[in-house]
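If you're matching them up, the sequences are chains W and B in order.
FYI, the numbering for the first sequence is 168 to 295, going by the numbering used here.
FYI, the numbering for the second sequence is 1331 to 1917, going by the numbering used here.
Just so you know, the hints here were simulated from the structure itself, not pulled from any lab data.
If a hint is listed, it holds; no wrong ones were tucked in.
Derived, one-sided and incomplete: chain B residues facing chain W with beta-carbon distance under 7 Å: (1) Glu1403; (2) Asp1472; (3) Ser1475; (4) Lys1591; (5) Lys1595; (6) Ser1706; (7) Pro1708; (8) Arg1709; (9) Ser1711; (10) Thr1715.
Pairs of lysine-lysine residues, derived as DSSO-like cross-links and limited to a Cα-Cα distance of at most 30 Å, are as follows: (11) B:Lys1376 with W:Lys233; (12) W:Lys216 with W:Lys290; (13) B:Lys1414 with W:Lys290.
Positions of the beta carbon are idealized from the N, C-alpha and C atoms, including for glycine.
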Amino acid sequence: MRYLVCFLMILFPISSFALDVAEIQFVKGSVRHIYRIKFIKEKSFLSFKESQQQLKIKRIGDEVAKDLIAEANRIVWKSAYKKPKLQKMCSQYATISINDGKSEIICSENRLAMSHAYGFLNKLNDLK
Amino acid sequence: MSGRKQKNLFADKERLAKQDAVRVVNEARDTTAKKMGFSDFDHALKSRLKDRGFEVNEPVDEKTWKLFKGEIESDGSYDSEQAKKIYASVDSCYKDIKSLEEISYYSVTDLNELKKIQEQIDKTLNKYRDRNVKVYSNNIPDFVSEYIGENCKEMKNNPEQYNAELNPEAAKACENFEQLKREAVSIFRLEGTPEYFDKAEKFVRENYFPRLVSLMIEPSKSANVIVTDERTDVEKARDRIQNVLRTKSLVCYDHSVAIRKAAQKVAEDFMVEVNTTKTTVDSVINAFYSNENKANVDRLFQETKADVQQLVFQFIQDSKKRDEISKGYESLSYFWMKSPEESSYKKNSRGLLVLTSDNEDNLFGSAFDNVVKLFSDPRLSYFSTTNANYAPEIKVGQYSQSERVSMLPRLIRDINESPHSFQMVLAHEVGHKIGPLVSKINGYDLRSEYRDLLACYKDRKSIKLEVGQEDEAIADYIAAEVMARQISKMPQEQRQSRLVSSMETFCRFDARNLHTHSVECKGSHPEVSLRISVIFGANPNLRKAIGCECESPSFKSCGLSQIKLPEDSQSGAVSNGVTTNSPRGIR
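Just chain W, same shape as in the assembly:
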């Protein structure tokens, strides 16, 4: 059955024709899922790649793209700044990076961030 796996990484190549604003990566077992929110020729796209398979790309509304990036950013903040007091380790659940920022690791032990990331990944999966 389908696994939901996403990493969020944001790439921001200055001279690139296509602008990757957000990238979400999730790895489970040997399967790696990568979602990217891209701007190409002032249009917004959601791309999805699973392991070594072909890229899948879909046009989305610009405001939809902005809302997705905003939600990804909220997850990053939950992950980075609302760690549980008892958290002593980090099992990587997903990685999110936005707009040239460093990659934020979403830890399984951070309930708020991980749960939100889980729901967000399901949302991206439905959207793709």
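Got chain W; can you put chain B on it based on the hints?
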């Protein structure tokens, strides 16, 4: 029925099943909302939004409201009227701006009158600036990272266009960005405390700056321009008014963007609050994980395991592997969600019991089995997604999670209506335990046993198996063999319909793609249509079970020839290797 009509039928079924899951969640949330003193969850959510400064239109556009709550899926398109449809202040912004458009200022020559007009415009713009400050107070992450961060990047990347002289407030914020962010983080960590809002509003008010002003040689090309040549006072006053009015439509756009993102955050946080109360948790779990459903799942699970164990004894020659696998299947369990203990809850400020993650046991584990985490998802997507999985044993330090199959709640809820389809999915997941890669992980490497079968699947007349799809293809194959065994026990006249009903979940997956225009590419699973037509449709034993005398006319038949239907096993028919029959002809 035509292929398209069939797909529409399954697409409708999928949609109705999702609506049913959403209804269960909504009913649970309604119960909690009533305990909080509201008539239902919608009333509670609108009230929370209103408290935070986001007044919702009444009546609100139903579809837009459902989209906002995440009850229906977005298709990726954006309705530019969306924010107007929900939020009263966005609607009133457009009305206020429209009235500014009606101001006739260009023919005014009296400086005092022009100043009054400027004041009227400033009053309107300040009203929305003030509203934006209140809105962003609810959403520090977006205010800092998106609003300030993006504007600072714009200034840095276009210094000739946006200089500090024209944008002093922005320049100051950008210069002190790191310190500003540290302050923002400490305020963010106060969310939920009484002191949060005052501090947040003060912070946003101090650091909110207007839209960047650009310096351009040709003012007509810019939205927000300062002209620097010599003009009379009246002309300058008119220019200022013109300048501001050029950006008037952006005022409402900026407001709608701010409100949209902040309201989404407020809704997310509120949903987590409601989702994690005991009334919601118990209500949702009872609806999906009832005793009746458990009895059905248990029966099908034991039946499926028994069938797979029989297959294992047929095709695995190595007795040590066979015994280890068989023993493993004896202890293989499935995940069944139970209502958490009282100790998992603590009382919140409203006196409601709410799940807590302060318990160390809740720190470990993936989203697939941890109740606290699953209910902390604002969308409760675990309960509205169709999916299933197999997980091998996991050990991390002193914590361990036993090997298990998880059938997600939507599938469990459908068990009475579609038991055969449920069993097919169950067989697939149970089959994962003996897949090529998973068997290696589990310590009884079966890759050599599957070599020829996988080579058969790689054929272009089969599913054109790609690297990375092996485990999924074998799981489907095991499910097909289990289906064949189940079907062969039935009276002949019921077998075909049994097969069709078993494939329903796949057909619903295939139908989900009916209305998309995206390019379908293969992932870790083979394409759905090939799974149905080839792995199942061309499986020799399955075809035989439903009374097909010949192989598939369109696809290559692939199977492990050691695996026989019970009636054939009894007759003593045995052969070695893989059954690989070429299609007799393409239809």
